[in-house]
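Throw the hints in and build the complete structure from the sequences for me.
As given, the protein sequences belong to chains A and B, one line each in that order. Positions in the first sequence are counted from 1; adding 2 to them yields the numbering used here. Positions in the second sequence are counted from 1; adding 435 to them yields the numbering used here.
Where hints are given, some of them may not hold.
In silico SDA-like links for lysine to any residue, alpha-carbon gap of 20 Å or less [stated by the list, open to error]:
#1 Lys405(A) <-> Gly367(A)
#2 Lys408(A) <-> Asn357(A)
#3 Lys16(A) <-> Gly541(B)
#4 Lys328(A) <-> Pro625(A)
#5 Lys553(B) <-> Ser501(B)
#6 Lys16(A) <-> Pro539(B)
#7 Lys16(A) <-> Asp655(B)
#8 Lys16(A) <-> Arg471(B)
#9 Lys16(A) <-> Ala474(B)
#10 Lys30(A) <-> Gly541(B)
Hints were generated in silico from the structure; no laboratory data involved.
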Amino acid sequence: MFADLEPLLPRVSKPVQYVGGELNAQLKDWESAAVRWALMYPDAYEVGLPNQGVMILYEVLNERADALAERCYAVWPDLEALMREHAVPAFTVDGHRPLGAFDLLGVSFATELGYTNLLTALDLAGIPLHAVDRTDEHPVVVAGGHAAFNPEPIADFVDVAALGDGEEVVGEITDVVRDWKAQGRPGGRAELLARLAAHDGCYVPSMYEVEYAPDGGIAAVRPREGAPVSVTKRTTSDLDSWPYPKAPLVPLAETVHERASVEIFRGCTRGCRFCQAGMITRPVRERSLRGIGEMVDAAVRASGFDEVGLLSLSSADHSEIAEITKGLADRYEGTNTGLSLPSTRVDAFNIDLANEISRNGRRSGLTFAPEGGSERIRRVINKMVSEDDLIRTVSEAFAQGWKQVKLYFMCGLPTEEDEDVLEIAGMAHRVIQAGRAASGRNDVRCTISIGGFVPKPHTPFQWAAQAHPDVVDERLRKLRDAVNSNRKLGRNIGMRYHDGRPSLIEGLLARGDRRVGRVIERVWREGGRFDGWSEHFSYDRWTAAARAELEPLGVSLEWFTTRERDRDEVLPWDHLDSGLDRDWLWDDWQDALSGTEQDDCRWTPCFDCGVCPSTGTDIEVGPSGTTLIPLTVVGGVGRGPTDGGASAGG
Amino acid sequence: MARVRPGEAANPAPPTVQRVRVRFAKRGRLRFLSHRDVARSFERAVRRAAVPVAHSHGFSPHPRLSWIGAAPTGSASEAEYVEIGLTRPVDPADLAAALDAALPAGLDVLDAVVAEGKGLADRIDASRWRVELPGVRSADLAAALDALLATDSLVVERVTPSGRRNIDVRAALVRAEVGGAGPGDAPVDTVPPDGHPGAGPTCAIMTAVVRQTTPAVRPDDVLGALDVVAGLRPPAPAKATRMAQGLLDHRGALADPLGSDRVTTRG
Ligand code: SF4
Numbered sequence: 003m004f005a006d007l008e009p010l011l012p013r014v015s016k017p018v019q020y021v022g023g024e025l026n027a028q029l030k031d032w033e034s035a036a037v038r039w040a041l042m043y044p045d046a047y048e049v050g051l052p053n054q055g056v057m058i059l060y061e062v063l064n065e066r067a068d069a070l071a072e073r074c075y076a077v078w079p080d081l082e083a084l085m086r087e088h089a090v091p092a093f094t095v096d097g098h099r100p101l102g103a104f105d106l107l108g109v110s111f112a113t114e115l116g117y118t119n120l121l122t123a124l125d126l127a128g129i130p131l132h133a134v135d136r137t138d139e140h141p142v143v144v145a146g147g148h149a150a151f152n153p154e155p156i157a158d159f160v161d162v163a164a165l166g167d168g169e170e171v172v173g174e175i176t177d178v179v180r181d182w183k184a185q186g187r188p189g190g191r192a193e194l195l196a197r198l199a200a201h202d203g204c205y206v207p208s209m210y211e212v213e214y215a216p217d218g219g220i221a222a223v224r225p226r227e228g229a230p231v232s233v234t235k236r237t238t239s240d241l242d243s244w245p246y247p248k249a250p251l252v253p254l255a256e257t258v259h260e261r262a263s264v265e266i267f268r269g270c271t272r273g274c275r276f277c278q279a280g281m282i283t284r285p286v287r288e289r290s291l292r293g294i295g296e297m298v299d300a301a302v303r304a305s306g307f308d309e310v311g312l313l314s315l316s317s318a319d320h321s322e323i324a325e326i327t328k329g330l331a332d333r334y335e336g337t338n339t340g341l342s343l344p345s346t347r348v349d350a351f352n353i354d355l356a357n358e359i360s361r362n363g364r365r366s367g368l369t370f371a372p373e374g375g376s377e378r379i380r381r382v383i384n385k386m387v388s389e390d391d392l393i394r395t396v397s398e399a400f401a402q403g404w405k406q407v408k409l410y411f412m413c414g415l416p417t418e419e420d421e422d423v424l425e426i427a428g429m430a431h432r433v434i435q436a437g438r439a440a441s442g443r444n445d446v447r448c449t450i451s452i453g454g455f456v457p458k459p460h461t462p463f464q465w466a467a468q469a470h471p472d473v474v475d476e477r478l479r480k481l482r483d484a485v486n487s488n489r490k491l492g493r494n495i496g497m498r499y500h501d502g503r504p505s506l507i508e509g510l511l512a513r514g515d516r517r518v519g520r521v522i523e524r525v526w527r528e529g530g531r532f533d534g535w536s537e538h539f540s541y542d543r544w545t546a547a548a549r550a551e552l553e554p555l556g557v558s559l560e561w562f563t564t565r566e567r568d569r570d571e572v573l574p575w576d577h578l579d580s581g582l583d584r585d586w587l588w589d590d591w592q593d594a595l596s597g598t599e600q601d602d603c604r605w606t607p608c609f610d611c612g613v614c615p616s617t618g619t620d621i622e623v624g625p626s627g628t629t630l631i632p633l634t635v636v637g638g639v640g641r642g643p644t645d646g647g648a649s650a651g652g
Numbered sequence: 436m437a438r439v440r441p442g443e444a445a446n447p448a449p450p451t452v453q454r455v456r457v458r459f460a461k462r463g464r465l466r467f468l469s470h471r472d473v474a475r476s477f478e479r480a481v482r483r484a485a486v487p488v489a490h491s492h493g494f495s496p497h498p499r500l501s502w503i504g505a506a507p508t509g510s511a512s513e514a515e516y517v518e519i520g521l522t523r524p525v526d527p528a529d530l531a532a533a534l535d536a537a538l539p540a541g542l543d544v545l546d547a548v549v550a551e552g553k554g555l556a557d558r559i560d561a562s563r564w565r566v567e568l569p570g571v572r573s574a575d576l577a578a579a580l581d582a583l584l585a586t587d588s589l590v591v592e593r594v595t596p597s598g599r600r601n602i603d604v605r606a607a608l609v610r611a612e613v614g615g616a617g618p619g620d621a622p623v624d625t626v627p628p629d630g631h632p633g634a635g636p637t638c639a640i641m642t643a644v645v646r647q648t649t650p651a652v653r654p655d656d657v658l659g660a661l662d663v664v665a666g667l668r669p670p671a672p673a674k675a676t677r678m679a680q681g682l683l684d685h686r687g688a689l690a691d692p693l694g695s696d697r698v699t700t701r702g
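The following block contains the structure:
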């Protein structure tokens, strides 16, 4: 159907994002596959294309002889309008086939703010918005990604939520669908969903009945016959046997990350209590030194990217990170291949790593994340770093030639008072003073970046009250005054924060139950699209829709967000098991309130969070005993047989 | 995140010892690439193909690729040019093959020669375009072209990011006719290969030779001029392909800008 789309493209902005054909894109013969997946990232191409989750599943599925996978992304409103006018359905960018023609539509939700874009895609595809209205002819809509750990707000719109790591479960879902089709679709869609519901890691919302209590809370969630009482997440073990993506997609249009990424480990047990990613991806599973070296080499060769990111939730924590960075810096020395390492650890070791990967480069900026402004609040969130540690670390960084530090904080944390946030100003002032002393220069800079805290399911803060955006905005206004109260220091300090109001809506979508689905649908019908983009997000539309849809049911936006829950309340996601023991989470929440810290189980004994026994997994950390195989760039145009080596300077 | 690209302040980039001129095509769906998109694809392709490309100096060295007037986003081309600076002499045929293999399908390398003598920019002063006009009859196109060619000057307005600009289409137009430019291309109505829906089976073809001006006159501007002089409005978007660039001779033909290099190289 590219012929139908093509005449519309000259009339939209950045048409190249809709044409596919990227390097390493795949297009399999439609008839060759028994099971066909459309994989969607529900945001714009520039955000969605670099998404690792979609890239991994795309390769894993396309490697199967009996399956194919094509990608799609959210279309901007200009194209959406033209598609409606000319009756062009939602399409994949690989084969430009209508989404409705696929057996499955897999949607990866990194954030809840993509929900309205799901509805746009379903509607443009001619797939009924509500799962109950779909027939055998329609794709099975599968939600995945971190937000799928509480899919209740989109329970009406999705058929299945896949919990946890996707590498294995996509293959198993493919098997179930293939067998059902081969058997002549016995029992229709209902039987297919029942078979999927019986499958590990697959939650089928329509097979669960939610009953509400008079006080507005949930009285009970009851599985229908055949569905398990609770669904446990999936966990991929031995990352070395899953070296995906092998050939990263190289975008034609500009995207947010112009680099190849190699995931060096999955999971994190530092135990930051605000961090949903850290809680739901336990335990820690490392890729080996050798595995990382091979993936970096393959990614560079396959893509031509000039930068490789070594990804994880806290990359400096890999047990072999010193060898990894030194080995890769040696390997690519003198070439124009750069490395990047997302790590915000506040310690000298982190600076050593940064020095290593920037060997010949300019030492521009380093990022540290104390997350909380005061020592007290840092104990609440379990971010164990003292202000003196921070000052020592930044002094070291400035002494070694770094010119700028960026500090990440959150505002609106549980138990937070004005003073906790105002301490950020004093900390930033000390950073500038220490930086000037250590570097002997006046022009050192410090940027403080502040995000509004959103309590998330499956964390100790799942019971916490979210701070109202007015409170957050007021605190940040006071903070700005405090930063500028010393003009001499304040002028070297930058402050970045966003409007706090989208956080409240994110909070509604994160901790909502099925009743929130009506709000999403109303917002979408009234034009809500691309809610992660400030120029498209409308706070008023969301609050008005929440009022109209929730208040008749006796609940409200505030009820879902700024209200603290008690221990006995049935949480909408209680029947979805991230492995974390509910009692452990509650105790950790109580520890937070009393400012009690919790160590990391990688270097102290297991503290029984529950994940390993309940998911049948184990921590997988090094040393792996492997080595980074030295590789050199050989071959290439115009190179003689004796002319090996990678050095561009030779 | 510490994000630093290795710079070359400590060891300055090796000098450029050879320059190769490459002709390439932008085809099919990839006609929607902007010039920036094309440039990024080439930067990655030279790395992927391990072309010994020279780099600029400084902390963020970039490969030495020099571009000559890119076809606009949405236009296909059979005649785009880029000059690549190299730190080691290469066989241009090897380079063409390696680069072509490293580029996405649709960015296709057609020719490569070692650069000699005058710069590329001095060898190009006009472009030949082939424009498919789905839903337009050849007779109507012919009448509109006659009307346009009969004027001395025809100014159209184009909205650019930097504001509105007036462009004299007639002054830049060297030739324009119905049908393809090749001897076998008869001026008849043809069915477009991928059949534009709603446009009917008719599809007139226009060939136009346009002199390089500032700002450049694009196929869209020529169509705008046909609307002004004759009310010609294609019911579906036109599809333009740049067929050639080069120096205009007295007959209105274009000389191959790589031609003299090829002679030098092989002679
Ligand atoms: S169960 Fe124990 S070892 Fe496993 S992640 Fe939890 S605390 Fe760590």
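The hints, checked one at a time:
no., hint, result
1, Lys405(A) <-> Gly367(A), "6 Å, holds"
2, Lys408(A) <-> Asn357(A), "16 Å, holds"
3, Lys16(A) <-> Gly541(B), "17 Å, holds"
4, Lys328(A) <-> Pro625(A), "16 Å, holds"
5, Lys553(B) <-> Ser501(B), "14 Å, holds"
6, Lys16(A) <-> Pro539(B), "18 Å, holds"
7, Lys16(A) <-> Asp655(B), "17 Å, holds"
8, Lys16(A) <-> Arg471(B), "11 Å, holds"
9, Lys16(A) <-> Ala474(B), "16 Å, holds"
10, Lys30(A) <-> Gly541(B), "18 Å, holds"
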